[in-house]
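Residue numbers (my numbering), protein chains in the order written: chain D, 269 to 657; chain F, 74 to 434.
What the hints contain is simulated information worked out from the structure, not anything from laboratory work.
Careful: at least some of the hints might be erroneous.
[Said to hold, decoys possible] Pairs of lysine to aspartate or glutamate, EDC-like flavour, derived with a Cα cap of 20 Å:
1. D:530 to F:353
2. D:530 to F:223
3. D:530 to F:254
4. F:232 to D:285
5. D:423 to D:283
6. D:530 to F:116
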Amino acid sequence: MADLVCRGLRDGVLEGEYAPALLIKDTLQISLGVHVFNHFLLSLSSNISSGKAQSRGLVVVAFACPPCFYVDLLRSRGIGVASLSNWIRIVDCYSDPLGWKDKLLNSGFSAQLSSKSHDKSSVGDVECLFRDVGDAEKLSSLVFDLGRGLVGPGKGRFSVAIDSASELLRHTSLLSVSSLINNLRSHDQVASLFWLLHSDLHEPRAILSLEYLSSMVAGLEPIASPSTDAQRNHHNHLFQLEQNSRRGKLHMRLKRRNGRVKILFEEFDVEQGGIKFVPVSLGNAIRNDAILPKVQFNLQLTDKERGDRAKVILPFEHQGNGEDIKIYDGRGPIADAPKNIFPTPRLDESASATITTSSNGGKGEIHYFRDSDEEALDTDEDPDDDLDI
Amino acid sequence: MMAATGTFTRNPKSFSHSRHAPPPPGLKIGPNGTPIVSTGIQDLDQLLGGGVPVGSLIMVMEDSEAPHHLLLLRNFMSQGVLHRQPLLYASPAHSPRAFLGTLPAPIPPRTHLHTPSQQQEEDLRIAWQYKKYFGNEQMFVESHRGNHWDFCNEFDLRKSLDRQLLGAAHIDCVNLQDVEDLASLRDRCSAFLAPFARTEEGITCVGRVAIQSFCSPQCRYSNSDWDMLFFIKSLRSMLRSSNAVAMITFTPSVVSSSSVCMRWQHLADTLLSLRTIPDDDKEMAKLLTDYQDMFGLLHIHKVGRLNSQVPVILEATTYSLKVIRRKTLVLERLNQAPVDASGGGSLGGCSGSSSARLLDF
Numbered sequence: 269m270a271d272l273v274c275r276g277l278r279d280g281v282l283e284g285e286y287a288p289a290l291l292i293k294d295t296l297q298i299s300l301g302v303h304v305f306n307h308f309l310l311s312l313s314s315n316i317s318s319g320k321a322q323s324r325g326l327v328v329v330a331f332a333c334p335p336c337f338y339v340d341l342l343r344s345r346g347i348g349v350a351s352l353s354n355w356i357r358i359v360d361c362y363s364d365p366l367g368w369k370d371k372l373l374n375s376g377f378s379a380q381l382s383s384k385s386h387d388k389s390s391v392g393d394v395e396c397l398f399r400d401v402g403d404a405e406k407l408s409s410l411v412f413d414l415g416r417g418l419v420g421p422g423k424g425r426f427s428v429a430i431d432s433a434s435e436l437l438r439h440t441s442l443l444s445v446s447s448l449i450n451n452l453r454s455h456d457q458v459a460s461l462f463w464l465l466h467s468d469l470h471e472p473r474a475i476l477s478l479e480y481l482s483s484m485v486a487g488l489e490p491i492a493s494p495s496t497d498a499q500r501n502h503h504n505h506l507f508q509l510e511q512n513s514r515r516g517k518l519h520m521r522l523k524r525r526n527g528r529v530k531i532l533f534e535e536f537d538v539e540q541g542g543i544k545f546v547p548v549s550l551g552n553a554i555r556n557d558a559i560l561p562k563v564q565f566n567l568q569l570t571d572k573e574r575g576d577r578a579k580v581i582l583p584f585e586h587q588g589n590g591e592d593i594k595i596y597d598g599r600g601p602i603a604d605a606p607k608n609i610f611p612t613p614r615l616d617e618s619a620s621a622t623i624t625t626s627s628n629g630g631k632g633e634i635h636y637f638r639d640s641d642e643e644a645l646d647t648d649e650d651p652d653d654d655l656d657i
Numbered sequence: 074m075m076a077a078t079g080t081f082t083r084n085p086k087s088f089s090h091s092r093h094a095p096p097p098p099g100l101k102i103g104p105n106g107t108p109i110v111s112t113g114i115q116d117l118d119q120l121l122g123g124g125v126p127v128g129s130l131i132m133v134m135e136d137s138e139a140p141h142h143l144l145l146l147r148n149f150m151s152q153g154v155l156h157r158q159p160l161l162y163a164s165p166a167h168s169p170r171a172f173l174g175t176l177p178a179p180i181p182p183r184t185h186l187h188t189p190s191q192q193q194e195e196d197l198r199i200a201w202q203y204k205k206y207f208g209n210e211q212m213f214v215e216s217h218r219g220n221h222w223d224f225c226n227e228f229d230l231r232k233s234l235d236r237q238l239l240g241a242a243h244i245d246c247v248n249l250q251d252v253e254d255l256a257s258l259r260d261r262c263s264a265f266l267a268p269f270a271r272t273e274e275g276i277t278c279v280g281r282v283a284i285q286s287f288c289s290p291q292c293r294y295s296n297s298d299w300d301m302l303f304f305i306k307s308l309r310s311m312l313r314s315s316n317a318v319a320m321i322t323f324t325p326s327v328v329s330s331s332s333v334c335m336r337w338q339h340l341a342d343t344l345l346s347l348r349t350i351p352d353d354d355k356e357m358a359k360l361l362t363d364y365q366d367m368f369g370l371l372h373i374h375k376v377g378r379l380n381s382q383v384p385v386i387l388e389a390t391t392y393s394l395k396v397i398r399r400k401t402l403v404l405e406r407l408n409q410a411p412v413d414a415s416g417g418g419s420l421g422g423c424s425g426s427s428s429a430r431l432l433d434f
């Protein structure tokens with residue numbers, strides 16, 4: 269459930285472990301990742317500002333939206349309005365990511381360009397302009413500085429949210445982004461982090477690498493799978509477009525500490541006021557046949573069963589225990605056999621011997637019906653003895 | 074150990090020419106006369122035919138969602154430390170030394186009361202009338218449990234290895250994030266393996282190399298697939314000419330192309346892969362008896378044999394990973410839960426929306 273993820277982000281990290289990292293990925297088909305990201309951002313913010321979370325500050329690296337968007341979002345939900353600068357910092361990578369405006373202004377075209385980019389908005393404390401997104405190391409040191417500034421140099425922890433890792437991947441290589449995320453996760457003062465990714469913009473390897481580095485993956489999927497019937501395609505297509513612009517399914521994979529993976533499905537609905545999650549009953553079974561091989565029944569015996577099997581007296585003449593050969597002909601009981609043997613009327617000579625074994629609490633019972641009485645008593649002859657070779 | 078019957082037996086090579094020198098700890102003669110060392114996990118040793126042949130490479134394919142490969146690595150490294158075998162450990166973590174603090178401590182050996190009964194169980198119980206013709210001749214039984222505590226210890230995962238033992242051990246740590254290019258790593262490995270070069274005198278000491286998550290995305294060389302393949306190939310050739318064993322773990326999903334992944338797998342002598350299992354999965358709980366206890370699956374793709382062309386074909390290749398009483402790691406065969414005869418109909422009914430049955434027999 270999305271609550272589980274929110275709780276994971278809120279609870280943060282245990283001593284000596286890597287910080288929980290959430291990856292939100294969406295596709296062109298269902299591009300509501302931003303809403304899901306904002307939902308987690310809001311829940312974490314409210315936890316931080318009310319003091320329930322392990323982290324005491326939040327650093328947002330904003331690529332896709334300007335910082336004022338986030339400030340307005342927080343204000344509209346009434347989260348920590350009074351003291352925003354106490355617990356949040358927004359790195360502005362939206363206004364001038366590559367420093368072009370700055371270069372243009374400096375090189376003398378200032379008359380034409382308005383200097384709007386230099387205006388700090390009213391919450392000047394909160395923002396921090398960053399002009400060099402190609403350098404992931406600079407970005408990470410800026411994030412660390414801001415975070416440390418928020419929570420102090422001691423044991424305090426802060427959380428990090430990256431608006432869109434897709435934008436980051438556009439400017440730098442996968443290697444830098446991976447090492448950035450790895451450094452964030454292993455840093456002493458980071459409690460949790462989460463980021464958004466648009467999975468159809470990148471190679472599968474990039475997505476798999478980021479999934480490898482994260483501890484929780486939330487993937488957005490369309491509710492209905494695309495219909496394959498060509499005739500109804502047009503209708504369905506429009507209907508799906510409309511549906512996918514509001515509703516979708518969230519497929520979450522959480523890596524647990526015991527090494528198992530928790531897989532959850534939820535449907536969500538984007539409304540005016542926010543986003544609503546509805547847990548889905550798992551009608552479709554997860555395909556496990558890819559993981560499991562053909563599994564056999566357990567044919568191995570426990571020690572007790574082995575002991576019981578050893579105690580069963582076999583109906584053959586040679587018990588192999590060095591005693592005299594006693595020929596048992598099914599007519600009467602033998603001295604050491606259980607007493608349950610009764611003579612049956614012989615139906616015909618070709619009645620086959622039936623041997624049944626049943627273990628009732630450790631005793632083996634064997635009912636041995638001999639083929640016929642006419643055979644010589646000593647049938648111990650080796651039939652191969654007749655051969656003259 | 075010579076059987077009375079005239080079957081072909083191979084004379085095991087002596088450890089050293091002078092018969093008075095004791096064999097080095099942790100080394101014994103395995104199938105086909107190759108010296109073998111232990112992986113640290115008794116069940117795994119048994120599956121691999123007693124242990125890992127000296128000079129071979131174990132490749133472990135991780136699952137990107139689970140840290141089970143760390144368990145295998147820990148046991149492997151701990152076993153090496155206990156047998157005083159020098160160790161080279163490379164990892165992409167910030168401080169590889171910190172990982173050494175998580176190596177498990179061995180459980181002191183207890184007296185084994187059930188070994189004689191195991192011997193009996195392995196003998197074929199002949200229960201037919203020709204038994205009188207068999208005198209004292211017994212089937213040849215290889216005693217696995219003879220002196221296994223010397224060779225492979227059981228480890229307690231809750232306790233960590235004694236600090237003094239760690240301090241006295243010869244362990245080199247390499248941080249893979251600092252590695253600029255693989256040539257320097259290769260030089261480091263060859264410098265480490267130089268003292269273990271094979272000589273005429275036999276084996277005096279065995280070295281171990283453990284490389285964790287070799288193709289992590291944060292390592293600088295992770296884009297150059299062919300360099301990584303070349304490194305593994307040269308490491309393997311170095312191992313062949315020295316008395317050492319290596320275990321490398323990697324994540325197949327992070328490697329860029331499937332052809333590189335296949336080549337990587339083919340470079341291994343012994344290939345294992347780990348899979349994770351979903352949590353709270355009712356379908357799987359119905360299917361397997363031990364679902365609650367196990368936390369992952371180990372699949373054995375290939376078992377290495379260095380001087381034989383006969384392949385090893387195991388009865389079952391997938392095993393479940395379990396930790397017994399939170400202490401020891403065991404591998405067990407997967408067993409299907411008893412299927413309720415009356416429940417067959419309801420099973421089919423509720424999974425009507427899903428496609429084919431989970432397993433077909």
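Given pair status - residue 223 (chain F), residue 530 (chain D), alpha carbons within 20 Å
Since the Cα atoms of residue 530 (chain D) and residue 223 (chain F) sit roughly 40 Å apart, the hinted pair is violated (cutoff 20 Å).
Just to be careful, I want the Cα atoms of residue 530 (chain D) and residue 116 (chain F) compared with a cutoff of 20 Å; is the pair within it?
At roughly 28 Å apart (the allowed maximum being 20 Å), residue 116 (chain F) and residue 530 (chain D) break the hint.
For the pair supplied as a hint, residue 232 (chain F) and residue 285 (chain D), confirm whether the alpha-carbon distance does not exceed 20 Å.
Holds. Residue 232 (chain F) to residue 285 (chain D) sits at ~18 Å (cutoff 20 Å).
With the threshold set at 20 Å, check whether the alpha-carbon distance from residue 423 (chain D) to residue 283 (chain D) stays at or below it.
11 Å, holds
For a C-alpha distance cap of 20 Å, please report whether residue 530 (chain D) and residue 353 (chain F) respect it.
Distance ~7 Å between residue 530 (chain D) and residue 353 (chain F) Cα, so the pair holds.
For the pair supplied as a hint, residue 530 (chain D) and residue 254 (chain F), is the alpha-carbon distance within the 20 Å limit?
Distance ~37 Å between residue 530 (chain D) and residue 254 (chain F) Cα, so the pair is violated.
When the structure is compared with the earlier hints, violations turn up for hints 2, 3 and 6 and for no others.
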